[in-house]
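Trainee: Build out the structure end to end from the sequences listed, making use of the hints.
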Amino acid sequence: MSRLPEWMLQSDNYIPEKDSDSYVKKSIIKLLSMLSRLRMHGGVTFRGNAAVRLFVMFVFILLISLSKNMFFVYIMLAVLLVRLIFVPGKVAVQVLAPGISAALFSVLMLIPSAFMGSPKSMIFISLKVFISASMVNVFAVTIPWNYITDALKTFFVPDIFIFILEITLKNIIWLGDIAYNMLSALNMRQIGHNRNKSEALEGILGTLFIKTKESSDVTYNAMMLRGFTGEYRRLRKKRFTLTDAVYLSVLIAVIALFIYFERLV
Amino acid sequence: MHIPENYLSPATCAVMGAAMVPVWAKSIKKVALNIPKEKMPLIGLGAAFSFVGMMFNIPLPGGTTGHAVGGTLIALLLGPEAACLAMSIVLLIQALLFGDGGILALGANCFNMAFILPFVGFAIYKLIANRVEGKKGELIGAAVGSYVGINAAALAAAIEFGIQPLLFNDAAGQPLYCPYGLTTAIPAMMIGHLTIFGLAEVLFTTVIYAFVLKNAPDYKVDKTEKITKPAFIVLAVLMILTPIGLLAEGTAWGEWGVEEFLEMIGYTPAGMETGFEMSTIMPDYAIGNLPDVAAYILSAIIGVAIVIILFRVIAAFMHDKKKYAED
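Protein sequences, first through last, are from chains E and U.
Residue numbering for the first sequence follows the working numbering, starting at -3 and increasing by one per position.
Residue numbering for the second sequence follows the working numbering, starting at 81 and increasing by one per position.
Honestly, the hints are just simulated from the structure, not real lab data.
Virtual Cβ for every residue (Gly too), placed ideally from N, Cα, C.
Don't take every hint at face value.
Said to hold, decoys possible - With beta-carbon atoms standing in for the labels, derived distance ranges:
{"id": "1", "chain 1": "U", "residue 1": "Lys294", "chain 2": "E", "residue 2": "Leu238", "range": "38 to 46 Å"}
{"id": "2", "chain 1": "E", "residue 1": "Arg43", "chain 2": "U", "residue 2": "Leu390", "range": "21 to 29 Å"}
{"id": "3", "chain 1": "U", "residue 1": "Arg211", "chain 2": "E", "residue 2": "Ser97", "range": "43 to 51 Å"}
{"id": "4", "chain 1": "E", "residue 1": "Leu100", "chain 2": "U", "residue 2": "Ala94", "range": "47 to 55 Å"}
{"id": "5", "chain 1": "E", "residue 1": "Phe42", "chain 2": "U", "residue 2": "Ala91", "range": "29 to 37 Å"}
{"id": "6", "chain 1": "E", "residue 1": "Lys21", "chain 2": "U", "residue 2": "Ala296", "range": "24 to 32 Å"}
{"id": "7", "chain 1": "U", "residue 1": "Ala296", "chain 2": "E", "residue 2": "Pro108", "range": "43 to 51 Å"}
{"id": "8", "chain 1": "E", "residue 1": "Val214", "chain 2": "U", "residue 2": "Ala91", "range": "41 to 49 Å"}
{"id": "9", "chain 1": "U", "residue 1": "Glu213", "chain 2": "E", "residue 2": "Phe151", "range": "45 to 53 Å"}
{"id": "10", "chain 1": "E", "residue 1": "Glu258", "chain 2": "U", "residue 2": "Val212", "range": "55 to 63 Å"}
{"id": "11", "chain 1": "E", "residue 1": "Arg43", "chain 2": "U", "residue 2": "Lys294", "range": "48 to 56 Å"}
{"id": "12", "chain 1": "U", "residue 1": "Ala252", "chain 2": "E", "residue 2": "Val242", "range": "32 to 40 Å"}
What the hints assert, rightly or not - Rough simulated footprint, nothing fancy, chain U against chain E, three-plus residues with beta-carbon under 8 Å:
{"id": "13", "region": "21 to 32"}
{"id": "14", "region": "53 to 63"}
{"id": "15", "region": "86 to 98"}
{"id": "16", "region": "149 to 158"}
{"id": "17", "region": "209 to 218"}
Claimed, not checked - If you only want the chain E side, here are some residues facing chain U, beta carbon under 7 Å, derived:
{"id": "18", "residue": "Tyr70"}
{"id": "19", "residue": "Asn167"}
{"id": "20", "residue": "Gly172"}
{"id": "21", "residue": "Leu201"}
{"id": "22", "residue": "Phe205"}
{"id": "23", "residue": "Leu238"}
Mentor: Below, the structure is given as C-alpha cells:
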C-alpha cells in the first residue's frame, strides 16, 4: 500500500485574512425582507373595492398633510388605530413597525430644528409621518397587488403604465430570487480578502441584467402566443361591500371634521 | 433621496406632480413611437431590475457601503424616456407597497429621480461619449453622467425641502413642513451625495455598463437621439413659479433683508428658553369653543385601540410559540 505524500500529512494552519464583506450580507438581508414582503401578498384574500380603498387612503393622507390642527391629526390617529383593531396581530405588526421606524427617523432628522425654536414642528411632522406611513401600509398589506392595478385602471391610468407595472411586479420576485442565489453563492465561496469586490458585483448585477433582457424576449413571445397586445380589459366584476360603505362614511365624517377644525385655526 | 410624506406641502407636491404630467405624456408618446413592440416588456423588466439593484449595498473604498438609484444606467440601457417610465413605476411600487417615499410626494420624487436624474445623466453621457472615442468614452461618459445626474437630483430635492419654511408656516411662525431652509437643506443633502451616494452611483453604473458592453455588444445605445425639450421648459416654469409664490407673501425672491431672513429661517430660540413642554404634544386641546369632552372622548378611543392592538400583537406571538412547541 502506498503511503500518503508528506504534504498531505502536514497540518494546515491557514487563517483567512479579515475582510469587510458586510456589503454581501447587507444586500442579502435587504433582498430577503423585500421578497418576503412581496410573497406575503400571495396569501391575502380581499373582498371589496380596491379603488374605493385607494381613494379613501389618498384623501386621508392629503387631509393629514394639509392639516394645521393637532387635534385633527389626533382624530386621524384614532381612525388608524380603530382600523387596526380589525386586523390580526401579525398584520398590525407589519403595519406599525415600518410606521414607527419612519416616525423615529423623522424625529432624528428634526431634533436640530427643535433646538432652533420649533419643537412643535418636530412632534407635529413626525406624528403625521407615522399616521400617513401606517395608512399606506394598511392599504399595502391588506390588498393584493392585482387589485391595486385594477384600482389604477379605474382612475384612468394609461394601459402602458399598468402594463409596465404588472411586468415589473411579476419579475421583481423572479429577479430577486436569482440575485439572492448569486449573493449566497458569493457569500459562501468568498474566503479571505477579496481585493476586487467590484468585479464580484459586476458579475452578479451584469448577469442579472442579461437575464432581464432574455426574459423580456421570452415575455414578448409568450404575449404574442396568447394574443395579448398590452391592452387591459376589466373582467372582474365591480364589487361594493359593506366595508367599502363604512370606509366612505368614515371619509365623509373625516372631511367634515377637517373643515370644522381648520376653521378654528 | 426618497422624500417622505409631510416634508413637502401638498401645494409643492401638486406643482411637482403637475410638472411631471407633460414629461410622462411626452415619454409615453416617444416610447410608443421609438421602441419596437417586442422591446416593450423590457421597460417593465428594466424597472424590476433597477428595483432589485437598489437593494444592493455597493462596497466603497474604505469599507463603507452605499445604495445606488441607477437612473442613469437605465437611461443608458433603455433611453431616457423609457427610463423615466421605468423609474416612475419603481417609485410608485416603493411608495405604495413599501412605504419608501410619500404618496403625495410621488410627483416630487418622480421629478427628481425619474426625470432630472435619467435625463441629466443621459445628456452628460452623450456629451462625453460623442467626443471621446471608443469604450473609454462610453465608460467615462457613464461615470460622469451618473455622478452629475444623482447630484442634480439631490440638489432638486434639497431645493424642494429648502423652500418649505419660506412658504409654509402656521400662525405662530412655526414651520408646517420641512423646517430646514435652503442654507441647511442644500449642504445636508449635497454632502452625502457628492461623496458616498455619488460614488455608489458611479460604481453601480460603470460596473454594469462595462459588463453589458463586454458581454452583450449588440446592446447599443443610440447616441444620436435628441433629448426632449419639455425637460428644460418645465425647469424654467418652476424657476419662475417659485419666486411668484414668495412675492405673494410680500417678499421678493433673493431680496430678503437681514430681519426678514431671521424671521423666515433663523427662528428665535423660544424652544431653548422654555424647553420641552407636554403642551407641545396637545397644544390645540382647548381650541376655540370646543368642549373638553371631545378631547377626552378622542383620548379614550386612542387609548382603548392601543390596548386592543397590543393584546392582539402579543396574542399573535403567543399563538405562534404554542404551535411551534406542539410540532
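Trainee: In ascending order, which of the hints set out earlier in this document are inconsistent with the structure?
Mentor: 1, 4, 23
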